[in-house]
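Participant: With these hints in hand, go ahead and build the complete structure from the sequences.
Letter by letter, the chains look like this.
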Amino acid sequence: MSRERILAAARAALGRTAPPDAAAIRAEAATLLAGPDRGRPPRTGTLTERFIERLTHPKVGGTVEQVAMLTDLPRAVRAYLSTNALPARIAVQPEPRLQALDWSGIATHDGVATDEILAVALADCGIAESGSLVFHSAPTSPTLFSFLPLHHIVALDTSKLLEWLEDYATAYTAAGQAQPRNVNIITGASGTTDIEGRLVRGAHGPGFLHVVLFGG
Amino acid sequence: MRPNLPPFQERAGAALRDKTLKLAIDRTTGTAERNRAVAVAAWPEFQSARDLGRDIRAHVVNNIDHYLVEFERNAVASGAAVHWAATADEACQIVVEICRKAGAKSVTRSKSMLGEEIGLPHALEAAKIERVETDLAEHIIQLAGDPPSHIVWPALHKTREQVKELFAASHRDPGAMEDVEAMVQAARRELRAKFMAADVGISGANFLVADTGSVCTVTNEGNAELTTTPPRVHIVTAGIEKLVPSTAHAMALLRLLVRSATGAELTQYTTFHTGPKRPGDRDGPDEFHIVLVDNGRTKMLGDGLAEMLRCIRCGACLNHCVVYRHIGGHAYGGTYPGPMGSVLTPSLDGLPASRDLAHACTLNGSCQEVCPVKIPLPTLLRGWRDRSWREGLEPRSVRRALWAWKFVATRPALYRAVSAFAVLGMQLFAKRGWIESMPLAGGWTAHRGLPAPASSTFMQQYQARKRAAK
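Protein chains in written order, with this note's numbering: chain R, 1 to 216; chain L, 1001 to 1470.
Mixed in with the good hints there might be a few duds.
Straight-line distance between alpha carbons at most 25 Å, and here's what the computed SDA-like set of lysine to any residue pairs gives [said to hold, decoys possible]:
1. R/59 with L/1031
2. L/1299 with R/18
3. R/59 with L/1038
4. L/1374 with R/72
5. R/59 with L/1160
6. L/1299 with R/171
7. L/1194 with R/115
8. R/59 with L/1188
9. L/1299 with R/20
10. L/1194 with R/202
11. L/1299 with R/8
12. L/1194 with R/27
Examples of chain L residues lying across from chain R (beta carbon under 10 Å, computed) [to be verified]:
13. 1004
14. 1068
15. 1134
16. 1163
17. 1181
Just some of the chain L residues that point at chain R, by a computed CB distance under 8 Å [what the hints assert, rightly or not]:
18. 1045
19. 1062
20. 1090
21. 1183
22. 1191
23. 1211
24. 1246
25. 1264
26. 1265
27. 1428
Keep in mind that the hints were calculated from the coordinates and are not lab data.
Built from N, CA and C at the ideal position, the CB exists for glycine as well.
Facilitator: This is the structure we're talking about:
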């Protein structure tokens, strides 16, 4: 059994004479992260300002607009379609709050096609430190919605903004909490630096990421 | 090591003569070095973050038996199947067997250095399963039939002109490819349908999260998620050292990994995969397999190389290595090139075949300075030199030269006489302060000048000054 062989080899190499003390190891792991802001980058401005600053930074390359309420999303999408001269046929995530909106004037479907031009989705939360959007896979949130479209428009409730990456871990992955099948932390549009190190957008995932912030 | 390689000196010599290679290496490593410097300059706490990175990784390595069992328990609870492979061959057999059971004809793969290490591409080929590399760089080298030459940019040895030729020759619809943007679009069109048609998707892992049983992958193209979501089966191959205690620890390491690799703050797509498709999910794999691979890691742990197991594969040590930047990745001959590769390869492939790697190092220490988890790479490389000597692997010429040096160096009067003679001799070959060629120094002067020595030795000058001071 390779399992036993590997574990025995690891224990021998570590010089273990007794089974590891799980409680002591857990305590040591927790201590490592205990220092205030240990090893974190600097911050300025409000949570929303920081999120916008990171998201629109050239390295991340997202675009953003702020609206009052989620019900303003269809208007923002219509404007985006017209500005970018895109067809009024879009995929809308099968999320009840999005499906309930007034999409008149746009043909919508709730599945995402391999060559989808534009998909609209609702993020579960956002992370200000890195300008990231977080999606949890679910029957109402298929993973491919974030990866197949060329244009990805994401609505985000500003009350769901978190400060640090670790805050996400604390809020959503604490002991005993059920984990979604996929947690996708998305930071900007797809890109590649594989040819001569130069950043090019739209490698396999979306080439354009537009965030519509609401609330707050 | 790749089979049938010429000796290291020949490989390095050939790389040094290849001017296109030098150009290609400079373009990518130069960009990476500049971008990292900007990211680090914007982060005053970077040194403290490195200490934290080192501490987290050392904690995991020191408790790897505990974390393996915890990870397995939580992954199984999430519905994943966990497999253990002691060797590379065993890991490949497990993967091929899962593919066979799934009736797989086509497999998509998201870049994984562990996959390269265990020879998975060859194993799939031998099993007659179509392998589609989906990372742009892996796609390029698959078309070229090359091994990867960098752990983050596997196609770094290809210039844009060479990529254009490759795509023109093999893509169904390459287009004009007037610039790099158009080349990326050509690859996007070429691979789109293959993502959706694959039976199995294979990925590596950047981190294995012990307390949730999740597998974390990091990509900037989105190819990992397109590899792991549509097929019926997702297989993860991961080295056992990839563990972290929790998602929060993974986050602290992600900050370091991404800035050190590309200079970005977070890679575009950071995904935590936990088990297979759930009831009601519209996408996701029906089966989720994780293959935990040892392949020499527990041996490294007991062999004085525990510090190397901290490595998070950012590639910064390659980008900042003067040797890597002159010879590129292929000349190293193993899966992993550069400083981290020169430490890993002797352990993975045996010291007799790779003893030259530890010597092909200036010990300037740049790699250790940029390492986000503070691995003492020069010390570990010196360890291999020491071991090569003790195991009698150094060639007779080297041993004789060192014995001769020792004989002279332990006799001060003789040493002074010989060095005084050598200084005089060397001056015969010096022109305007530089020696361009000299007997016995061809290995040095073939590629650069040797500074001419001072007109007298240190000891002669010291004695003269002492006399003058009296």
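Participant: If a hint holds in the structure, say so; if it doesn't, say that too.
Facilitator: How the hints compare with the structure:
1. R/59 with L/1031: Satisfied, since the Cα-Cα distance of roughly 13 Å is no more than 25 Å.
2. L/1299 with R/18: Given that 25 Å is the threshold and the Cα spacing comes to 20 Å, the pair holds.
3. R/59 with L/1038: 12 Å, holds
4. L/1374 with R/72: This hinted pair is violated, its Cα atoms lying about 50 Å apart.
5. R/59 with L/1160: Roughly 22 Å separates the two Cα atoms, so the pair holds.
6. L/1299 with R/171: Since the Cα atoms of residue 1299 of chain L and residue 171 of chain R sit roughly 38 Å apart, the hinted pair is violated (cutoff 25 Å).
7. L/1194 with R/115: This hinted pair holds, its Cα atoms lying about 13 Å apart.
8. R/59 with L/1188: 21 Å, holds
9. L/1299 with R/20: 19 Å, holds
10. L/1194 with R/202: 17 Å, holds
11. L/1299 with R/8: Holds, because 11 Å separates the two Cα atoms, which is no more than 25 Å.
12. L/1194 with R/27: 46 Å, violated
13. 1004: For residue 1004 of chain L, the interface hint is violated, since the closest Cβ of chain R sits about 28 Å away, which is over 10 Å.
14. 1068: 7 Å, holds
15. 1134: Interface hint status for residue 1134 of chain L: holds (7 Å vs cutoff 10 Å).
16. 1163: Check passed: Cβ of residue 1163 of chain L comes within 6 Å of chain R, closer than 10 Å.
17. 1181: Interface hint status for residue 1181 of chain L: holds (5 Å vs cutoff 10 Å).
18. 1045: 5 Å, holds
19. 1062: Since chain R brings a Cβ to about 7 Å from residue 1062 of chain L, closer than 8 Å, the hint holds.
20. 1090: 6 Å, holds
21. 1183: 6 Å, holds
22. 1191: Since the shortest Cβ distance to chain R is 7 Å, the answer is holds.
23. 1211: Interface hint status for residue 1211 of chain L: holds (7 Å vs cutoff 8 Å).
24. 1246: 7 Å, holds
25. 1264: 5 Å, holds
26. 1265: 5 Å, holds
27. 1428: 46 Å, violated
Violated hints, in rising order: 4, 6, 12, 13 and 27; the structure is consistent with all others.
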